[in-house]
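Novice: One-letter residues, chain by chain:
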Amino acid sequence: MNRRLYVIGLAVIFILFWIPGAFADNQENQSDQGKFTDLNGDGIRDNAADTDFDGIPDFETENPNSEELTGLISFGDADPGSAVGIEESNRVQYKKRKFSCRAHTSTRGEFGNSDADAGKGVSGSVSGACAGGLCF
Amino acid sequence: MNKRTFTFTVLVMLFSSVLLAQDSQNNYDPLGLAENLEFELNFSSGYSSNLLGDVTRTDDRNYTSSVSIWYNPYPALEIGIEDEYTYYENTFRLSSNLSKFSFGFVPTRETSPWTIYLSGGLNLLRYQRSTMSFDNDSYDMLAAIGWQVADQLSFRTGYGFNANTYIRSEVSDLLKYSTFMGGNWSFLGSNTIDLELGYSITAFSFVPDTIVIIDTLYRDLTVDDYFTDGYLLAFYVSPRFSRSIGPKTGISLEFNYQSFSNEDHSVIIISEFEHISPFAGVSEGKSIELDLKTYQFSNMIVTTGAGYWYKKYLRLLDGPFERTRVDLAERRVDELSRWYLSLELPVAIGHSDLLKSFWKIDYTNNISNFDQFKYYKWAFSTGITYRF
Chain A
0 MNRRLYVIGL AVIFILFWIP GAFADNQENQ SDQGKFTDLN GDGIRDNAAD TDFDGIPDFE
60 TENPNSEELT GLISFGDADP GSAVGIEESN RVQYKKRKFS CRAHTSTRGE FGNSDADAGK
120 GVSGSVSGAC AGGLCF
Chain B
0 MNKRTFTFTV LVMLFSSVLL AQDSQNNYDP LGLAENLEFE LNFSSGYSSN LLGDVTRTDD
60 RNYTSSVSIW YNPYPALEIG IEDEYTYYEN TFRLSSNLSK FSFGFVPTRE TSPWTIYLSG
120 GLNLLRYQRS TMSFDNDSYD MLAAIGWQVA DQLSFRTGYG FNANTYIRSE VSDLLKYSTF
180 MGGNWSFLGS NTIDLELGYS ITAFSFVPDT IVIIDTLYRD LTVDDYFTDG YLLAFYVSPR
240 FSRSIGPKTG ISLEFNYQSF SNEDHSVIII SEFEHISPFA GVSEGKSIEL DLKTYQFSNM
300 IVTTGAGYWY KKYLRLLDGP FERTRVDLAE RRVDELSRWY LSLELPVAIG HSDLLKSFWK
360 IDYTNNISNF DQFKYYKWAF STGITYRF
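Heads up: the sequence lines are chains A and B, in that order.
Going by numbering that gives the first Met the number 0, 95 is the number at position 96 of the first sequence; the sequence numbering is gapless.
Going by numbering that gives the first Met the number 0, 54 is the number at position 55 of the second sequence; the sequence numbering is gapless.
There may be inaccurate statements among the hints.
Said to hold, decoys possible - Far from chain A, by Cβ distances over 12 Å, these chain B residues were calculated:
#1 I210
#2 V211
#3 D219
#4 D223
#5 H264
#6 L327
#7 A328
#8 D370
#9 I383
What the hints assert, rightly or not - Reference excerpt, derived from the structure (chain A facing chain B, CB under 10 Å, subset only):
#10 N39
#11 G54
#12 K97
Stated by the list, open to error - Label pairs and their calculated CB-CB ranges:
#13 F58(A) - Y385(B): 39 to 49 Å
#14 P207(B) - F58(A): 50 to 60 Å
#15 D57(A) - H264(B): 50 to 60 Å
#16 E87(A) - F154(B): 25 to 35 Å
#17 R92(B) - G54(A): 33 to 43 Å
#18 Y198(B) - F58(A): 51 to 61 Å
Just so you know, these hints were derived from the structure itself, not from any lab.
Note that the Cβ used here is the ideal one computed from N, Cα and C, for glycine as well.
Turn these sequences into a full structure, and let the hints guide you.
Specialist: Structure, rendered in structure tokens:
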């Protein structure tokens with residue numbers, strides 16, 4: 000079973016790498032949408048803006064957060080006149096800051112102990128939905 | 000719902016109402032509360048054909064409602080409070096109330112190459128009177144740093160802490176320290192490889208297999224007297240490959256391998272808490288998951304995926320314990336396959352409000368060397384969320 004699993008996995012990787020036309024499409028888009036990054040692992044360009052925070056990117060608009068990184072490390076509020084803008088509420092600014100940390104906030108070490116982390120799991124740790132401390 | 004929970008829920012709703020009234024009636028907001036507060040109301044329901052994931056095939060429906068409030072006094076800080084009540088139709092004893100308090104702190108701006116993230120939370124879970132022995136408090140904390148080395152290359156590392164305390168028993172208390180590090184590299188157009196490594200130390204209670212027999216007959220002993228404290232060491236490695244298929248669709252393939260290094264002589268008592276022991280679900284093993292996400296359909300997020308998990312649990316022992324051979328405890332080994340499909344329909348209302356509904360279907364098949372854990376199940380859930 001395990002050997003078959005690995006063979007299937009490798010075959011899938013091979014197919015994913017060579018889906019025809021995928022490289023060309025994305026290289027064309029790079030010039031006007033910045034370089035491709037995918038820190039949250041969904042396979043979709045992170046740089047697209049989501050101005051209404053509905054979870055659906057505005058694919059035609061570049062994320063203002065993807066502007067050039069500045070300095071070594073930047074603290075404090077947004078600069079006046081920057082893409083972030085001083086008129087945005089604390090709430091909006093926080094969401095953008097948290098988005099910049101999206102790779103830190105979803106670690107993958109839960110394989111063996113998601114129940115333990117939840118502290119209340121009853122059934123198998125791999126489950127579709129959880130309600131009231133019970134994953135079903 | 001007990002008196003304290005009811006009072007807490009009422010206070011949260013009153014607090015929300017007052018704040019909203021100030022803004023909508025007077026349009027006067029000297030503290031910037033309105034624009035820096037966010038509320039979320041949620042109602043969802045679900046059905047599982049095998050709620051407990053065992054041969055009892057207990058099917059049930061559940062209904063969950065929750066109210067959440069987030070407040071940002073500064074752009075770097077978020078404070079959250081949430082109350083969630085879940086009602087199980089047939090298995091009423093599992094109905095519960097969960098209160099959450101949390102914070103997030105991101106001192107670095109979004110344009111900073113170095114990013115810092117701190118978060119913490121307190122969860123208070125309370126069951127019904129008949130199952131109140133499961134009541135527990137859990138705490139968690141995460142501190143993480145990221146470094147964007149180049150446009151398509153970044154690294155991250157972090158430290159986490161989790162504690163879980165059963166307030167009416169100490170047998171299943173849990174304390175876990177973990178650390179992780181990872182790297183993310185995008186290359187050749189839209190291909191991304193992400194590699195993460197982690198290590199954890201978990202303090203836990205177990206029965207050592209040097210004890211041959213638990214004997215509570217004719218003696219002034221309980222099962223708890225046989226427990227001892229120890230540490231469970233675990234590491235994991237998880238490579239992930241993801242890429243886009245066109246601008247609105249992405250796929251990812253994730254492997255995960257986790258191994259314990261010192262579990263050989265520990266035995267977990269699963270019936271002590273009717274399988275709710277937090278260690279009953281702790282396992283090592285490997286997994287592979289393939290997921291697809293697409294925004295191809297108008298205003299809809301479609302996610303589907305399938306996965307396979309090979310899981311070796313800690314050695315488990317079931318009661319009754321009048322005279323029980325500890326050295327006969329076996330390791331539960333499962334092969335679990337799962338498929339799911341999820342649809343989300345978010346609708347932005349005005350500048351900042353959001354109405355989101357979702358539907359999810361999930362199928363799980365589990366093969367186990369323990370007959371009681373051979374099962375399959377279907378699960379459906381749907382819900383609606385209003386954020387304003």
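Novice: State for each hint whether it applies.
Specialist: Going through the hints against the structure:
1. I210: holds, 23 Å
2. V211: About 28 Å separates V211(B) from the closest Cβ of chain A, which puts it past 12 Å; holds.
3. D219: holds, 31 Å
4. D223: holds, 19 Å
5. H264: The assertion about H264(B) holds, with a minimum of 18 Å to chain A.
6. L327: holds, 24 Å
7. A328: holds, 18 Å
8. D370: Consistent with the label, D370(B) stays out of reach of chain A, its closest Cβ about 15 Å off (over 12 Å).
9. I383: holds, 14 Å
10. N39: At about 9 Å, which falls below the 10 Å cut-off, the nearest Cβ of chain B leaves the hint on N39(A) intact, so it holds.
11. G54: At 5 Å from the nearest chain B Cβ, G54(A) passes the 10 Å test, so the hint holds.
12. K97: holds, 6 Å
13. F58(A) - Y385(B): 39 to 49 Å: violated, 26 Å
14. P207(B) - F58(A): 50 to 60 Å: holds, 58 Å
15. D57(A) - H264(B): 50 to 60 Å: Cβ of D57(A) to Cβ of H264(B): about 56 Å, so the range 50 to 60 Å holds.
16. E87(A) - F154(B): 25 to 35 Å: Because 29 Å falls inside the window, the suggested range holds.
17. R92(B) - G54(A): 33 to 43 Å: holds, 35 Å
18. Y198(B) - F58(A): 51 to 61 Å: This hint is violated: roughly 39 Å between Cβ atoms.
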